[in-house]
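Asks: Sequence:
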Amino acid sequence: MTKSKRAADPRPRRTIGALQRALVELTQAGPPSAIDVTALCRVAGVHRTTFYKHFSDVSELAGTVVEDLLEHIASAPATSGYRAWLDELLEHVVERRAVYAPVLGRNGDPAVVRRVCDRLVHRTSQLLGDGDPCPHRDEAFCRTLAFGAYGLIEAVIADENLDGLASLDATAARLPAALRREDAA
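Residues in the sequence shown are numbered consecutively from 17, following the working numbering.
Here are the computed distance ranges between Cβ atoms for each label pair:
id: 1; residue 1: 97; residue 2: 25; range: 33 to 43 Å
id: 2; residue 1: 46; residue 2: 97; range: 32 to 42 Å
id: 3; residue 1: 163; residue 2: 76; range: 17 to 27 Å
id: 4; residue 1: 61; residue 2: 91; range: 29 to 39 Å
It should be emphasised that the hints constitute simulated quantities derived from the structure, not laboratory data. Predicted, not measured: the structure shown is a model, and the values here were computed from it. Ideal placement from N, C-alpha and C gives every residue a C-beta, glycine not left out.
Go ahead and model the full structure; you've got the sequences and the hints to work with.
Replies: As structure tokens, then:
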């Protein structure tokens, strides 16, 4: 099969989709780290060999579940500013809460959480540095804001009724200002 025919073949997308759905289903009973490949493949209706053709472990599969979140983090234009980016990011998480909760929530996969946090740090640094990374002296500030953004993502995921969105919005609004106020002191 030629490379172009493989790229057009919908089977890999169906297989990966089945594995992702099985992962989300199995995380209802426990964390991704407790899921073994055999159980995952049984629920997905996929052979183990097929799983290993696409992924090296369950953590790598879990990373694909949040791939659109990672893309969303990186895609906002730098001209929108930190607060507008954060608001849009949180809206995105609210819309996809059920998908993200199993891999980023309380029992989430630590490797995936770290990947998201690293992407948040990089994007926050770009937004605060007008497209370039923050100067070295502001690295701690950028990291603090980025991990604060992750804390807000966790708050969205943890709020099953999404009753806390008003307080979440207020927190998001206060975060950079509060840090700058402390920085000036």
